Amino acid sequence: MTEASTTVLGAEPAPLGGGGPPPRRARGILRALLANRSGAVGAVLTGVVVLAALASYAGLTPFDPVAQHAADRLQGPGGTYWLGTDQFGRDTFSRAVAGAAGSLQVAVVAVAISAVVGSAAGVLAGWFGSAVRAPVLAVTNILFAFPPLLLALALASMFTRSWFTIAIAIAVVYVPIFVRVARGPVLSLRETEFVRAAVVVGMPTWRVLLREVLPNLLPVLIVQVTLSLSWAVLTEASLSFLGLGTPPPAASLGSMVLDARVLVTIAWWTMAAPGVVIVLLVVGLNLLGDGLRDVLDPRRAVR
Amino acid sequence: MTALRRVRTHPLVRRVAEAVATLLGVAVCVFLMLRVIPGDQITATYGTEAAALTPAQREALRSYYGIDRPLAVQFLGWLGELGTGNLGFARRTGQSVASMTAHALPVTLELAVLSTLLGLALGVPLAMWSASRPGALRDIVGQGIGLAALALPSFLLGSVLLAVVSRYAGYNPNARRYAPLFDDPGLNLQQMLFPTLVLGFALTAPIMRTARSALLEIEGQDFVRTARGKGVSPGRIRVRHVLRAALVPIVTMTGIQFGYLLGGAVVVEQIFSLPGLGRQVLTGLLQKEYAVVQSSVLVVALGFVVVNLATDLLYRAIDPRVRES
Numbered sequence: 001m002t003e004a005s006t007t008v009l010g011a012e013p014a015p016l017g018g019g020g021p022p023p024r025r026a027r028g029i030l031r032a033l034l035a036n037r038s039g040a041v042g043a044v045l046t047g048v049v050v051l052a053a054l055a056s057y058a059g060l061t062p063f064d065p066v067a068q069h070a071a072d073r074l075q076g077p078g079g080t081y082w083l084g085t086d087q088f089g090r091d092t093f094s095r096a097v098a099g100a101a102g103s104l105q106v107a108v109v110a111v112a113i114s115a116v117v118g119s120a121a122g123v124l125a126g127w128f129g130s131a132v133r134a135p136v137l138a139v140t141n142i143l144f145a146f147p148p149l150l151l152a153l154a155l156a157s158m159f160t161r162s163w164f165t166i167a168i169a170i171a172v173v174y175v176p177i178f179v180r181v182a183r184g185p186v187l188s189l190r191e192t193e194f195v196r197a198a199v200v201v202g203m204p205t206w207r208v209l210l211r212e213v214l215p216n217l218l219p220v221l222i223v224q225v226t227l228s229l230s231w232a233v234l235t236e237a238s239l240s241f242l243g244l245g246t247p248p249p250a251a252s253l254g255s256m257v258l259d260a261r262v263l264v265t266i267a268w269w270t271m272a273a274p275g276v277v278i279v280l281l282v283v284g285l286n287l288l289g290d291g292l293r294d295v296l297d298p299r300r301a302v303r
Numbered sequence: 001m002t003a004l005r006r007v008r009t010h011p012l013v014r015r016v017a018e019a020v021a022t023l024l025g026v027a028v029c030v031f032l033m034l035r036v037i038p039g040d041q042i043t044a045t046y047g048t049e050a051a052a053l054t055p056a057q058r059e060a061l062r063s064y065y066g067i068d069r070p071l072a073v074q075f076l077g078w079l080g081e082l083g084t085g086n087l088g089f090a091r092r093t094g095q096s097v098a099s100m101t102a103h104a105l106p107v108t109l110e111l112a113v114l115s116t117l118l119g120l121a122l123g124v125p126l127a128m129w130s131a132s133r134p135g136a137l138r139d140i141v142g143q144g145i146g147l148a149a150l151a152l153p154s155f156l157l158g159s160v161l162l163a164v165v166s167r168y169a170g171y172n173p174n175a176r177r178y179a180p181l182f183d184d185p186g187l188n189l190q191q192m193l194f195p196t197l198v199l200g201f202a203l204t205a206p207i208m209r210t211a212r213s214a215l216l217e218i219e220g221q222d223f224v225r226t227a228r229g230k231g232v233s234p235g236r237i238r239v240r241h242v243l244r245a246a247l248v249p250i251v252t253m254t255g256i257q258f259g260y261l262l263g264g265a266v267v268v269e270q271i272f273s274l275p276g277l278g279r280q281v282l283t284g285l286l287q288k289e290y291a292v293v294q295s296s297v298l299v300v301a302l303g304f305v306v307v308n309l310a311t312d313l314l315y316r317a318i319d320p321r322v323r324e325s
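Chains A and B are the protein sequences, given in the same order. One point on numbering: in my numbering, the residue at position 180 of the first sequence is 180, and numbering is uninterrupted. One point on numbering: in my numbering, the residue at position 177 of the second sequence is 177, and numbering is uninterrupted.
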């Protein structure tokens, strides 16, 4: 998921030039990450699921995830269908992998939007006076006053259902977190020598923010992006489980679990497959986030 | 909070004023959100037949529902009604949302209290056990349990638990009609058992992780070393000194999670058919009962803001440093 994190933030550091981490440092970070126990395990778990998801985009799953094989309903694992089939004879393995791809797609887009919007708002609120700060914090407080899943539910039901509107709904829920994460450090960065120096020599404000402030926020933001991805995957799956997520017949981890509820005692694999994929992905992203925090942000690292 | 302007008002007054302002904002958002949804009360009530209405009939209906008035007037009207305790009515059943909420709120509160207690009872000792030997086997096991609680979504755990227990033990109290706590405490507690297990386990994750890192941070501080040097027993240090100092982050996290449970228990309420607030909102959304959604969401947000305020007050009581500043 490191690829996704960098694409998420890649849009911003691009114009920085020298401000972003040079390639050698990036390789050093990767090495440190793999030397870190949580980081290594997390990178492997996430990598496996992401690769499988990418393969399903390329149509490389053993079967078409929505194709029904009426003669082979509720087959057990092993044999032609690696993880068996569901009540319509659809291949469980292919569906779980396609479901992971769908969940990841929603999660990545949602977190990308909330990271860009939220951290931009947070940086501006931390830098400028109350004219910017007051409205941003008011909106943040209002969004924080809703339980996240409930807000996502309400927003998702507002629009015609598609994977993109669900991504938007989840993005709105996570914007305030990025506002908070970005704003805190900006308050102290504003007072540091090097930022003051940049202001004094007459660097335009947008340049100070992009070249001096933003690069110092990146470590915290990257960690937050990774952790938010795991919550977004869970939120998307919960929405699908409640019937307000990715519309059928497309495979979705949440709706697979929902369908498997009535089947689980006669066909355990229909529940196990999506369940294991969710757990792998969420554990992987969390460990990766913990590892990244140890490597990138030693001050906040938990021993 | 530190960035707030230093006005000469008591911090508590400021905190309450902020909470009220937030609630007003929430009310505006909820109101606007439901106006953005395509269709209005007329299409929601008459469905496809709404297309057959003549312009005159439509106009009459619009004025009947009050949706011909300017948005601001509609909003203030709604707010005024809320002030008198009128939360609106469900379209199909004609039931008042106030009475629906009066039935749903105790269910949600009971579930939230029970799960929070279970989450604390599991999370805090687990964190203390884990933090007592950072990096050792017990720490890895403890953190593993915390991670499992984080990664096992409630809908998965709940579905498996319900299916397996009802199939193999033939026990499913939740298949029976919901029994309110004071009508049939025995059945009620049985019906709360599985939901509490699922939510309490889910709460263990944030509580355990917060508590563990707070404990580790405090254990390294000077006053703990002093106490150790003085010869205070390790057990007493752990509870009286370290845990006490770690209470603020633990209480904050617990407060936030408790607040989320007021409306965020949708999934668990849905799986175990508990008629709580979350389920009321979900059903309202699915059936396009806008009055129900509008008022229930506001009640949930009110609860959340009040819980946050209470958490603030609580750690003022726990931590003298917060009181001073």
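Worth flagging that the hints you see were computed from the coordinates, not collected in a lab. Just to be clear, a hint being listed does not mean it is correct.
Said to hold, decoys possible - Cβ-Cβ distance ranges computed for the label pairs, FRET-style: (1) B:Ser63 <-> A:Val276: 24 to 32 Å; (2) A:Val201 <-> B:Phe223: 38 to 46 Å; (3) B:Leu313 <-> A:Ser188: 26 to 34 Å; (4) B:Arg138 <-> A:Met203: 50 to 58 Å; (5) B:Val73 <-> A:Thr265: 53 to 61 Å; (6) B:Gln221 <-> A:Gln87: 21 to 29 Å; (7) A:Val201 <-> B:Arg138: 39 to 47 Å; (8) A:Tyr57 <-> B:Gly186: 24 to 32 Å; (9) A:Ser188 <-> B:Pro125: 32 to 40 Å; (10) B:Arg58 <-> A:Phe159: 50 to 58 Å; (11) A:Tyr57 <-> B:Leu313: 45 to 53 Å.
Being a predicted model, the structure only gives us computed values, none of them experimental. Where is the CB? At the ideal position from N, CA and C, for every residue including glycine.
Taking the hints in turn, this is what the structure says about them:
A beta carbon spacing of about 57 Å between serine 63 (chain B) and valine 276 (chain A) contradicts the range 24 to 32 Å that was offered as a hint. For valine 201 (chain A) paired with phenylalanine 223 (chain B), a C-beta distance near 45 Å keeps the hint of 38 to 46 Å intact. The supplied range of 26 to 34 Å is met by leucine 313 (chain B) and serine 188 (chain A), whose beta-carbon atoms lie about 28 Å from each other. Between arginine 138 (chain B) and methionine 203 (chain A) the beta carbon distance is about 52 Å. The supplied range of 50 to 58 Å therefore holds.
Distance hint for valine 73 (chain B) and threonine 265 (chain A): a CB-CB separation of about 56 Å, consistent with the stated range 53 to 61 Å. At about 58 Å, the CB distance of glutamine 221 (chain B) to glutamine 87 (chain A) disagrees with the hint of 21 to 29 Å. Take valine 201 (chain A) and arginine 138 (chain B): their Cβ atoms lie about 54 Å apart, and the range 39 to 47 Å is violated. Here the CB-CB span from tyrosine 57 (chain A) to glycine 186 (chain B) is close to 53 Å, at odds with the stated 24 to 32 Å.
For the hinted restraint 32 to 40 Å between serine 188 (chain A) and proline 125 (chain B), the CB-CB distance of approximately 36 Å keeps it satisfied. One distance hint, 50 to 58 Å for the beta-carbon pair arginine 58 (chain B) and phenylalanine 159 (chain A), is violated here, with the actual separation near 25 Å. Distance hint check: the CB atoms of tyrosine 57 (chain A) and leucine 313 (chain B) are about 51 Å apart, consistent with the given range 45 to 53 Å.
Taken one by one, the earlier hints fail for this structure at numbers 1, 6, 7, 8 and 10, listed in ascending order.
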